[in-house]
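There are 4 protein chains.
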Amino acid sequence: MSELDLSLYQVRTDLALEAVEMATELGSTPIEGVAKDVIEDQGITITRLHVQNALGSQAIGKMIGHYITIEVPELRNGDTNLQDRVATHMAKEFEQFLVRLNIAKDAKILIVGLGNWNVTPDALGPIVVENVMVTRHFFELMPNDVAPGYRPVSAVSPGVLGITGIESSEIVKGIVDQSKPDLVIAIDALASKSIERVNTTIQIADTGIHPGSGIGNKRKGLTFESLGIPTIAIGVPTVVYASTIVNNTIDLMRSHLAKQNGDNDKIFGLLNQMNEQERLMFVKEVLEPVGHNLLVTPKEIDEFIEDIGNIIASGLNAALHEAIDTNNVAAYTH
Amino acid sequence: MSELDLSLYQVRTDLALEAVEMATELGSTPIEGVAKDVIEDQGITITRLHVQNALGSQAIGKMIGHYITIEVPELRNGDTNLQDRVATHMAKEFEQFLVRLNIAKDAKILIVGLGNWNVTPDALGPIVVENVMVTRHFFELMPNDVAPGYRPVSAVSPGVLGITGIESSEIVKGIVDQSKPDLVIAIDALASKSIERVNTTIQIADTGIHPGSGIGNKRKGLTFESLGIPTIAIGVPTVVYASTIVNNTIDLMRSHLAKQNGDNDKIFGLLNQMNEQERLMFVKEVLEPVGHNLLVTPKEIDEFIEDIGNIIASGLNAALHEAIDTNNVAAYTH
Amino acid sequence: MSELDLSLYQVRTDLALEAVEMATELGSTPIEGVAKDVIEDQGITITRLHVQNALGSQAIGKMIGHYITIEVPELRNGDTNLQDRVATHMAKEFEQFLVRLNIAKDAKILIVGLGNWNVTPDALGPIVVENVMVTRHFFELMPNDVAPGYRPVSAVSPGVLGITGIESSEIVKGIVDQSKPDLVIAIDALASKSIERVNTTIQIADTGIHPGSGIGNKRKGLTFESLGIPTIAIGVPTVVYASTIVNNTIDLMRSHLAKQNGDNDKIFGLLNQMNEQERLMFVKEVLEPVGHNLLVTPKEIDEFIEDIGNIIASGLNAALHEAIDTNNVAAYTH
Amino acid sequence: MSELDLSLYQVRTDLALEAVEMATELGSTPIEGVAKDVIEDQGITITRLHVQNALGSQAIGKMIGHYITIEVPELRNGDTNLQDRVATHMAKEFEQFLVRLNIAKDAKILIVGLGNWNVTPDALGPIVVENVMVTRHFFELMPNDVAPGYRPVSAVSPGVLGITGIESSEIVKGIVDQSKPDLVIAIDALASKSIERVNTTIQIADTGIHPGSGIGNKRKGLTFESLGIPTIAIGVPTVVYASTIVNNTIDLMRSHLAKQNGDNDKIFGLLNQMNEQERLMFVKEVLEPVGHNLLVTPKEIDEFIEDIGNIIASGLNAALHEAIDTNNVAAYTH
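Protein chains in written order, with the numbering used here: chain H, 1 to 334; chain G, 1 to 334; chain V, 1 to 334; chain U, 1 to 334.
Since the hints were derived computationally from the structure, they do not count as laboratory data. Treat the hints with caution; some may be incorrect.
Across the chosen pairs, the derived CB separations fall in these ranges [what the hints assert, rightly or not]:
1) V:Lys259 <-> G:Gln96: 48 to 56 angstroms
2) G:Pro148 <-> H:Asn77: 50 to 58 angstroms
3) G:Glu303 <-> V:Glu288: 20 to 28 angstroms
4) G:Pro148 <-> H:Ala104: 47 to 55 angstroms
5) G:Gly149 <-> V:Asn118: 14 to 22 angstroms
6) G:Arg48 <-> V:Asn118: 31 to 39 angstroms
7) U:Glu306 <-> H:Ala104: 31 to 39 angstroms
If you want the footprint, here are the derived chain V segments under chain U, 3+ residues with CB under 8 angstroms [stated by the list, open to error]:
8) 132-142
9) 146-159
10) 176-183
Under 7 angstroms between C-beta atoms, here's a sample of chain H residues computed to sit facing chain G [said to hold, decoys possible]:
11) Met133
12) Val134
13) Lys173
14) Leu252
Please read these numbers as outputs of a predicted model, since none were measured by experiment. Note that beta-carbon positions come from the ideal geometry of N, C-alpha and C, so glycine has one too.
Same shape as in the complex, but just chain H (with noise of 0.2 angstroms):
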């Protein structure tokens, strides 16, 4: 494999879980500076993983700050129970990062939905937005009437730079601003390395969002030191790389044949040696020039995009209102 320049091609992951396990791959376990602590209940796994310092971060490659990935592999099934769950677990795990953050219970929040809402995987954080409780105006127009137990929330879908002309970190910069929230939380699709994570895992962290994240084009971060305030990201990976599908899978192919004895040197041959890593670039190498290489999302993507938007819209409603109960947090979204 001397002929591949390692340099040229990276493994992308928007998930630092997944960084995590690509880092462990190559090198030892635990990581140094990466805490990290996993829950189950019935069907949803949730890690809470601490970058603690630059040690961790150079490690695998993301922020100092706290990640929650939630994943729940039958959450593609259309299951109305499970969905409920996803939304109340999500709540309490968002509720942990406000009191971290010391945000008020009264603080003023924008919630931004990035992506673009002519192309369905893109469109996770604009389906947010509609569905999400907005509070505001009630806040800014009749003060002495809003019930207690909410919060002022405000949100918006900037739009992708192809349609606007101007990077959706600029407009959001100017509406923050003008419009002076105390935190923004902002909503993403992003990118797996793994096809079962696509529209099955939702991703929270404090660290904002950082140029190059996202599947869109965003090269402008937003982030705590380009908006001034705290800034929360919450992603979901609805996209993978034809490349990565094809990469998992001989990985997949590997352990199969692990488990039942098989001599996975004489079948793989040098690809049974190579590491994650290596191989991955192999197989980009291959498809890149034929132009193979696409982001490939699954063909139920219309549906899938439009529960898990839902998801999240009744745990930020959950999650942001103290009058709204986590138990039913559904009836609250559109």
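Here the structure of chain H is known, so what remains is to put chains G, V and U in place on it, guided by the hints.
Showing chains G, V and U alone in chain H's frame:
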């Protein structure tokens, strides 16, 4: 009719042309301080109004400034040739505004699509934004590669208060401060007082958008004063109050019979002796308590709004970019 | 008014209730051959009309049969509790039709959503079809696995002549011949003659759909005669002619002033002495030549039609399947 | 690999061209009973296959008949000139089918758009139906007024089993019996086994649509046998199984290294000695139990499906009506 308090009822129209018509009926012609110029071209009537001073402004209840109205009674018939001719006229009229406001050929433009994309007759602004040619990002990302004859154009749909929780004027102010255009063009759906102008009329005004105009609830305006840069408003009436349909029709009935030498006093009784405003107040007094004074729109609004949105996008493309020929404007919209 | 040829102008309403109102104004009350029964329940008025014979049919210009009208003036306010109550009432009334027509509990039903999905006020039928519970395929593919309390229900939207090139009645006839249901339920958007009934009224009739009814161009009907099986029509007025708004308002003005002991002859002149039909003809005579006699719909039609489509789907689910409780109908729609 | 039961796994492709490729890999070239003819035109490759007899049919697993495949690798780039050229080629190829099937110039055509309009990659058929020129109603309503050069064309989207409860083949049969066309053209989204053909390939076949083809669950076909009239199928692959992406890529990796004189046996081990079908079975065996063998589609599917739907509608308009020039097909679609 003495029981009616005239001051309680204001005849609302967003069209300067209709304001002039109403003022004309009540008083003398011509109205002092309002210059008027009319051009006809095979089914297209262009009226250029200039509200020159406070006297004119007060007489018609509109700001000092220039107003162009393009009336095309046949526009609802779906004739694509006529649509192209309207776009070309609109482009030429619009260019006059740019010249009069001293907007340089390379000045940066922000197009703002006001209104609610979920309410068909209020979706004009967002439709124009989706169809107009956006170029600002090319100037930002590869300034040396942009072909001559283009200028930086960006476009946003800020949404409505009920969806975002933020006044659209605040959102636009934030984006203007951040992206620093030299001119704002704000597109909005309007209310007309006459059903035949619905979806057949385009108004261009250099006064910006003032509180209370448009069919939504825009309590704060988009003007030179609020944004700090010139603001041109483009509006199309897409709805009409039930009460104005009634009033309009009584008027038509009177002129119909007058032509037949009918005795209108005998046929219409006191109705014939009221002026238009008194009669409209009477109609509203009757309709509003029983909830019938709805804003209504033609049944075919989905198609009409799409057509007129494309005309405006085509007209703007031709007016804003020298490289786009006003004779072939349609090719540049989506 | 001698110059008007009365026979040229027909006052068009698709609602039997309005036909009775008009006949009542012209003649004596009660109308022979038409039995009428009215029930009130907190904001919901249900009128059961039975056109018993040719005499009644001729008097109101509607076929012999049963007509239920559910009027809910507050239905446009978006109150979900009220919506659920309307669905429940509709289900109960609909069950009466099934009993009266001797439709067995396991009889097969075909729901037909008439109208054009691209024209919002004409999209009622397709919206109901998308939201109703469809079960026929379970009975065909795994008849032993269907839970008790359900019956085979299928649903199609045949489209309109302008899109398909085929009369919707022909398409439905073909599907009926092939899939052999025992009953057709046809859903259609209607024209009302009064603006307050638009999107607030549901009519159910066991007469099927007759040529010329509905807001589109349905020149051939869906009836027992044409399909060979019983056909129940469900309709909602979603549009109104500009001319009927005017006429209705003049009527309202007259009763408004009559209450104030106004001298209507003095105020309205001869207008006061015309009957409703004469006046409407006069209004149409004036509006049509200038192209103002549009069918119009409320500005908020997108939301109204979605709401009422869901009510009808919920009501049908509860009426057609014993296993679905009329007290919890909403849970079974999408 | 002895544990794999080969008969359990069938490599599925809806493209005759891919079936030929697979048969070619397994056996000798040329395949007896299959004639093949290839034309190139600047980025467009047209392959005409004729499955001449039972021998050929068995060899590739496709019905006896003619299959045209138009491959345009650059079609996903949004180049409108290329799109117009493809539409023109499609029209010309389609005309050959009409001649070969003896379809008279005034024969009546029914276009059937199969698939689910709510699932973007399955919406090709309904999109074509919405965009094609429909004329049958003019011939029915005013036969003497139709300009020469047109023929009666109708078009329906029957929906899918999950929405209607009725097999789409039953619905089509009913409509055919009722409206009596001379030819059916059925449009459907397909599954490909290679990612580069997704949204870049159009197949036309005079065999109709057979059970199990298409991406939905079409268990009954649309064929001469079932409908009683000739049936031409037009299909576009819009999805691909994750398993076939993997398999395809391993193939590409092998030919990539073979060019570099790599020792594929050493690098790929036994993988190199399996034939394509064995390897695909292995991949599926691994992916399916963990639920990863999804049908996937490119992220940009919304735009791709709109573009290719318009190309097919334009091509059909030109092929079906003499009055429409193949050099200007685009003007007649919406």
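These are the hints, each one checked on the structure:
The hint said 48 to 56 angstroms for the Cβ distance between Lys259 (chain V) and Gln96 (chain G), and at roughly 54 angstroms that hint holds. Here the CB-CB span from Pro148 (chain G) to Asn77 (chain H) is close to 56 angstroms, well matched to the stated 50 to 58 angstroms. Judged by the Cβ atoms, the range 20 to 28 angstroms given for Glu303 (chain G) and Glu288 (chain V) holds: they are separated by roughly 21 angstroms. For the pair Pro148 (chain G) and Ala104 (chain H), the supplied restraint of 47 to 55 angstroms holds, since their beta-carbon distance comes to about 54 angstroms.
At about 37 angstroms, the beta-carbon gap between Gly149 (chain G) and Asn118 (chain V) misses the expected band of 14 to 22 angstroms. Between Arg48 (chain G) and Asn118 (chain V) the Cβ separation comes to about 37 angstroms, which falls inside the hinted range of 31 to 39 angstroms. Distance hint for Glu306 (chain U) and Ala104 (chain H): a CB-CB separation of about 47 angstroms, inconsistent with the stated range 31 to 39 angstroms. With 4 residues having a beta carbon nearer than 8 angstroms to a beta carbon of chain U, the region 132-142 of chain V meets the requirement of three or more and the stated coverage holds.
Evaluation of the coverage hint for the region 146-159 of chain V: fulfilled, as 8 residues show C-beta separations to chain U shorter than 8 angstroms, against a requirement of three. Given as covered by chain U, the region 176-183 of chain V passes the check, having 4 residues with a CB less than 8 angstroms from a CB of that chain where 3 are the minimum. Interface hint status for Met133 (chain H): violated, as the beta-carbon distance to the closest one in chain G is roughly 9 angstroms, over 7 angstroms. Of the supplied interface hints, the one on Val134 (chain H) holds, with its beta-carbon coming within about 4 angstroms of a beta-carbon of chain G, less than 7 angstroms.
The interface hint given for Lys173 (chain H) is met, as the beta carbon of that residue sits about 5 angstroms from the closest beta carbon of chain G, less than 7 angstroms. For Leu252 (chain H), the interface hint is violated, the least distance from its beta-carbon to any beta-carbon of chain G being 40 angstroms, above 7 angstroms.
Hint compliance for this structure: hints 5, 7, 11, 14 are broken, all remaining hints hold.
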